[in-house]
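2 protein chains.
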Amino acid sequence: MINPFTDEYFMKKALQEAEMAFDKDEIPVGAIIVIDNKIIARSHNLTELLNDVTAHAEMQSITAAANFLGGKYLIGCTLYVTLEPCQMCAGALYWSQISKIVYGASDENRGFVKMGTKLHPKTTIVSGILADEAADLMKRFFAQKRK
Amino acid sequence: MINPFTDEYFMKKALQEAEMAFDKDEIPVGAIIVIDNKIIARSHNLTELLNDVTAHAEMQSITAAANFLGGKYLIGCTLYVTLEPCQMCAGALYWSQISKIVYGASDENRGFVKMGTKLHPKTTIVSGILADEAADLMKRFFAQKRK
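Taken in order, these protein sequences are the chains called A and B. Under the numbering used here, the first sequence has 173 at position 142, and the numbering climbs by one with no breaks. Under the numbering used here, the second sequence has 107 at position 76, and the numbering climbs by one with no breaks.
These are calculated hints, taken from the structure and not from any lab test. Watch out, some of these pointers could steer you wrong.
In silico EDC-like cross-links for lysine to aspartate or glutamate, where the CA-CA straight-line distance does not exceed 20 Å [to be verified]:
#1 A:K176 / A:D56
#2 A:K149 / B:E139
#3 A:K44 / A:E164
#4 B:K43 / B:D67
#5 A:K178 / A:D56
#6 B:K176 / B:D138
#7 A:K149 / B:D138
#8 A:K176 / A:E50
#9 B:K149 / A:E139
#10 B:K149 / A:D138
#11 B:K55 / B:E79
#12 B:K149 / B:D138
Computed list of chain B residues with no C-beta within reach of chain A, every gap over 12 Å [to be verified]:
#13 M32
#14 D56
#15 T155
Each residue gets a CB set at the ideal place from its N, CA and C atoms; glycine is no exception.
Based on the provided sequences and hints, a complete structural model is requested.
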């Protein structure tokens, strides 16, 4: 039997969230959190609408997933996010002890890899899933902004 | 004329917040944000009550101050926090472009200095203000927890 619940399957859901951000004139980043193949949080960047630098997609999904689970640790959960997390989001993910992080496009300027942010030792990382789609959305956003 | 608005003056307000966290059985960290000698945000750690790893004192104060100001950048603001910020909070402060951070006790395990988190180049740092008071509160908290 074919398993439909691939990383690409869930990243498509995160990309749908990123498109919602795009439509609201927000930097288009989307995130979801999954446990046992069930989506328990969906969010997209809302820093402009909420006037709040902390309103990154990942932060909202961490809070929402913890609410759903009734506990603050995200053990057994996977975060899918279209862009590599920043220092703040990687720092929050560190505290959450999340089991897996899957991201799309790399952020070579402000991503956690370049910035050297530490993740929890139990967290595994997968990168580059639907990276072109995520990067294209960012490029379209900033091209439109420059007009 | 004596200026009453010293770093110690404002750190005492942050310590009052930390004591409120202590009384709620939360790790006792408090924060305030000040602009032009006016306190525009007060908060204390609520990670247990809210079941949310992102509910650090600093994160709440960043959100509250941006709400007060009607804009997400905290230029001209000073954060007073009783404990050295972690990676997540330092990462949020980086995005906020806050002008000054004053902290009390150092966190030699999980503070941003040890972790290597980058702050905004325009942010100045002052450390060690009422550090003993902040550290004593933490020690009392963890001593009580071990009982």
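Results of checking the hints against the structure:
no., hint, in the structure
1, A:K176 / A:D56, "holds (9 Å)"
2, A:K149 / B:E139, "holds (15 Å)"
3, A:K44 / A:E164, "holds (12 Å)"
4, B:K43 / B:D67, "holds (17 Å)"
5, A:K178 / A:D56, "holds (14 Å)"
6, B:K176 / B:D138, "holds (19 Å)"
7, A:K149 / B:D138, "holds (15 Å)"
8, A:K176 / A:E50, "holds (15 Å)"
9, B:K149 / A:E139, "holds (15 Å)"
10, B:K149 / A:D138, "holds (15 Å)"
11, B:K55 / B:E79, "holds (9 Å)"
12, B:K149 / B:D138, "holds (16 Å)"
13, M32, "holds (37 Å)"
14, D56, "holds (14 Å)"
15, T155, "holds (19 Å)"
Going through the hint list in order, the structure satisfies each hint without exception.
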